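2 protein chains.
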Amino acid sequence: MQIQKLKQLISKILIKYNLNKKDAEICAKALINAELVGAPSHGVSRLKMYCERIKKKVINPKPKIKIKRVSNSVSFIDADNSIGFVAADTGIKETIKIAKKTGIAFVGIKNSGHYGLSGYYIEQAVKKNLLAFAFTNAPPAIAPHGGKKTIFGTNPICFGSPTNSKIPFIFDTSMSIINRGKIRVAAKLNKSIPKGVALDKFGKQTTNAKKALSGVQLPIAGFRGSGLAWMVDILTGVFVGSAHSGKVKDPFDDFRGPQNIGHLFIAFKNNLFVKNFKQQIKVNINRVKNIPKIKGEKIYYPGERKFFRKKLNSKKNIKIPSSIKKDLDNLLS
Amino acid sequence: MQIQKLKQLISKILIKYNLNKKDAEICAKALINAELVGAPSHGVSRLKMYCERIKKKVINPKPKIKIKRVSNSVSFIDADNSIGFVAADTGIKETIKIAKKTGIAFVGIKNSGHYGLSGYYIEQAVKKNLLAFAFTNAPPAIAPHGGKKTIFGTNPICFGSPTNSKIPFIFDTSMSIINRGKIRVAAKLNKSIPKGVALDKFGKQTTNAKKALSGVQLPIAGFRGSGLAWMVDILTGVFVGSAHSGKVKDPFDDFRGPQNIGHLFIAFKNNLFVKNFKQQIKVNINRVKNIPKIKGEKIYYPGERKFFRKKLNSKKNIKIPSSIKKDLDNLLS
Chain A
0 MQIQKLKQLI
10 SKILIKYNLN
20 KKDAEICAKA
30 LINAELVGAP
40 SHGVSRLKMY
50 CERIKKKVIN
60 PKPKIKIKRV
70 SNSVSFIDAD
80 NSIGFVAADT
90 GIKETIKIAK
100 KTGIAFVGIK
110 NSGHYGLSGY
120 YIEQAVKKNL
130 LAFAFTNAPP
140 AIAPHGGKKT
150 IFGTNPICFG
160 SPTNSKIPFI
170 FDTSMSIINR
180 GKIRVAAKLN
190 KSIPKGVALD
200 KFGKQTTNAK
210 KALSGVQLPI
220 AGFRGSGLAW
230 MVDILTGVFV
240 GSAHSGKVKD
250 PFDDFRGPQN
260 IGHLFIAFKN
270 NLFVKNFKQQ
280 IKVNINRVKN
290 IPKIKGEKIY
300 YPGERKFFRK
310 KLNSKKNIKI
320 PSSIKKDLDN
330 LLS
Chain B
0 MQIQKLKQLI
10 SKILIKYNLN
20 KKDAEICAKA
30 LINAELVGAP
40 SHGVSRLKMY
50 CERIKKKVIN
60 PKPKIKIKRV
70 SNSVSFIDAD
80 NSIGFVAADT
90 GIKETIKIAK
100 KTGIAFVGIK
110 NSGHYGLSGY
120 YIEQAVKKNL
130 LAFAFTNAPP
140 AIAPHGGKKT
150 IFGTNPICFG
160 SPTNSKIPFI
170 FDTSMSIINR
180 GKIRVAAKLN
190 KSIPKGVALD
200 KFGKQTTNAK
210 KALSGVQLPI
220 AGFRGSGLAW
230 MVDILTGVFV
240 GSAHSGKVKD
250 PFDDFRGPQN
260 IGHLFIAFKN
270 NLFVKNFKQQ
280 IKVNINRVKN
290 IPKIKGEKIY
300 YPGERKFFRK
310 KLNSKKNIKI
320 PSSIKKDLDN
330 LLS
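Chains A and B supply the protein sequences, listed in that same order.
To convert, note that position 250 of the first sequence is 249 in numbering that gives the first Met the number 0; the numbers rise steadily by one, no gaps.
To convert, note that position 305 of the second sequence is 304 in numbering that gives the first Met the number 0; the numbers rise steadily by one, no gaps.
Derived by calculation from the structure, the hints in this document are not laboratory data.
Mixed in with the good hints, there may be bad ones.
Since the list gives no way to pick one copy over another, a pair counts as held whenever it fits inside one copy or between any two copies.
[Unchecked claim] No more than 30 Å apart at the CA atoms, straight line, and that leaves these computed lysine-lysine pairs for DSSO-like:
| # | residue 1 | residue 2 |
| --- | --- | --- |
| 1 | Lys-190 | Lys-6 |
| 2 | Lys-147 | Lys-165 |
| 3 | Lys-281 | Lys-246 |
| 4 | Lys-288 | Lys-55 |
| 5 | Lys-194 | Lys-297 |
| 6 | Lys-65 | Lys-268 |
| 7 | Lys-248 | Lys-148 |
| 8 | Lys-274 | Lys-92 |
| 9 | Lys-315 | Lys-147 |
Just so it is clear, the structure is predicted and the values come from calculations on it, not from any experiment.
Using the sequences and the accompanying hints, generate a full structural model.
See the structure below:
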């Protein structure tokens with residue numbers, strides 16, 4: 000489907016589900032971005048879920064988002080159970096505004112929902128010459144080291160930096176070996192998942208996507224990934240005042256209430272300490288990219304391949320699997 | 000050796016090497032702490048190296064450390080090539096002071112050296128009811144994903160949080176599968192290292208500690224660990240204005256100049272956004288610790304086992320390998 004046409008279709012669906020035009024377009028842009036960077040697991044395949052949550056009154060399509068300025072460089076946002084894209088859009092705009100003014104920004108967001116890809120927001124800050132972090136929690140997917148029940152989300156950590164080129168440095172990683180979204184898409188399309196990334200509910204390795212969803216995803220780097228996921232659970236759950244330690248609701252199958260996800264954005268001017276950041280980041284990237292390579296390999300910085308993928312995909316139509324196309328048609332009818 | 004006696008011995012040696020009494024005691028406390036938490040790789044085994052660097056004038060024993068207050072919540076410290084312990088001690092004290100006053104603190108430190116264990120500093124902030132991050136760079140040890148030459152340091156990330164108990168949550172991980180310090184100790188004691196953690200200089204797996212030191216350490220979680228190490232290189236190198244992209248000098252065998260290591264400390268009050276942090280962090284830890292466990296396993300939060308180890312070790316003498324005891328005697332003679 001043509002990109003513009005798909006964007007309009009998504010907006011139209013969300014407006015039908017009571018979002019205002021501006022918010023619907025914010026969501027459409029974020030979902031299209033996920034498709035273009037090659038993360039369809041975070042793209043239109045999720046639209047049906049968002050609409051179901053609105054219908055069942057666990058996403059608020061007309062939120063009254065409150066921004067409380069805690070101090071010069073700190074804001075706290077109550078997203079009023081808005082769709083996550085709108086909460087995060089509000090959050091990153093506030094973060095950028097504060098950081099541009101005071102040099103640093105520290106913004107917590109509670110009562111939010113799944114906001115898609117962290118890198119999408121961090122890229123907006125990087126384009127304003129800021130370095131930035133995004134943390135967010137997510138529904139249970141990972142067991143702590145030593146445990147056999149999921150309690151932490153995939154809890155991504157994202158960091159971005161200007162590079163003095165048009166291709167930003169965007170490092171965005173979940174704490175699970177593969178994204179839960181990828182397992183969801185595999186389950187939907189009846190495909191299998193790689194070995195060694197998940198256990199079934201009995202604690203046995205599985206390549207069956209559906210069994211993995213009801214089991215446990217394995218964290219990156221064993222106890223270290225487990226520790227990083229716990230850190231994000233504290234930062235975006237306990238510290239920001241949202242759900243934590245296993246209480247974030249799964250958006251796909253738990254409609255008993257809002258997800259109550261929390262986010263934390265931190266941003267800072269690249270010239271906070273030094274005047275030559277732009278020159279030195281270029282030196283840094285050139286030096287790293289030019290070291291001897293393993294045969295057949297190239298060295299990319301985080302975000303670089305995604306940038307090229309998006310550039311390429313932006314010239315083409317977006318492929319929508321027929322099962323998801325059917326979902327979209329149903330949502331509009 | 001008795002703990003107090005060892006502490007006095009270290010101080011005495013460093014005073015002989017021209018540190019003032021206060022700074023010598025700061026170093027002695029940090030080195031003893033490393034021994035007590037079970038990280039002898041960061042303990043007295045390094046004293047000889049520090050003294051050699053002072054002797055060769057690449058560590059400044061009488062630094063004029065300058066603290067520049069950039070804004071209410073931001074300070075920038077020029078450590079004047081002091082020994083890393085003193086730079087980091089100055090840095091964490093400034094971080095705590097600012098965060099207690101304004102709610103958040105953001106402190107960059109340049110012209111520093113190896114400061115030992117990040118967790119030692121973060122623990123000091125956590126004891127003041129702050130959540131805190133520490134980032135630091137380090138001499139080349141890891142190759143970027145796709146490369147076969149070391150350029151990033153082990154570049155640890157450390158995060159701490161109050162727990163409403165006397166045992167702080169301290170997550171402290173380097174981006175290499177094992178600490179470079181452990182490989183150094185193994186090389187010194189002619190012991191082998193585990194399989195799968197390092198390559199020799201020809202790119203082949205090795206369990207020989209000396210070959211690993213001249214080769215490449217493998218990052219945790221492949222390209223993700225490599226990306227995290229690059230992130231820390233940008234934050235503490237490019238952003239803070241210290242050496243980066245392979246230019247941090249190895250403290251053990253590069254005496255051509257100071258290391259020029261950079262650190263970044265970020266800290267924030269636990270009640271910045273919510274009033275019930277202390278109650279909710281207890282709920283969080285209890286819930287996670289009480290999930291079903293893999294047979295024979297317990298669930299510890301990061302820092303918990305280290306705390307117990309330190310408590311136990313504080314009642315005993317510290318074992319010093321004879322080769323290191325000989326070093327200490329030589330330093331004093």
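Consistency of the hints with the structure:
Taking identical chains as interchangeable, the C-alpha atoms of Lys-190 and Lys-6 lie at most 30 Å apart only when both belong to the same chain, with a minimum of 27 Å there against 61 Å between chains. Taking the shortest alpha-carbon separations for Lys-147 and Lys-165, only the inter-copy value of 27 Å comes in at or below 30 Å, while the best intra-copy value is 44 Å. Proximity of Lys-281 to Lys-246 under the C-alpha cut-off of 30 Å is restricted to the inter-copy arrangement: shortest distance 15 Å between copies versus 43 Å within a copy. Taking identical chains as interchangeable, the C-alpha atoms of Lys-288 and Lys-55 are never at most 30 Å apart, the minima being 50 Å within one chain and 33 Å between chains.
Within a single copy, Lys-194 and Lys-297 get their C-alpha atoms as close as 26 Å, and across copies as close as 26 Å, so both meet the 30 Å cut-off. When the C-alpha separation of Lys-65 and Lys-268 is checked against a cutoff of 30 Å, the pair qualifies both within a copy, at 25 Å, and between copies, at 22 Å. Taking the shortest Cα distances, Lys-248 and Lys-148 sit within 30 Å of each other inside one copy (15 Å), while across copies they are farther apart (44 Å). Taking CA atoms no more than 30 Å apart as the test, Lys-274 paired with Lys-92 passes in both settings, with 25 Å inside one copy and 26 Å between copies.
Taking the closest pair of Cα atoms, Lys-315 and Lys-147 never come within 30 Å of each other, the shortest separation being 44 Å inside a single copy and 36 Å across copies.
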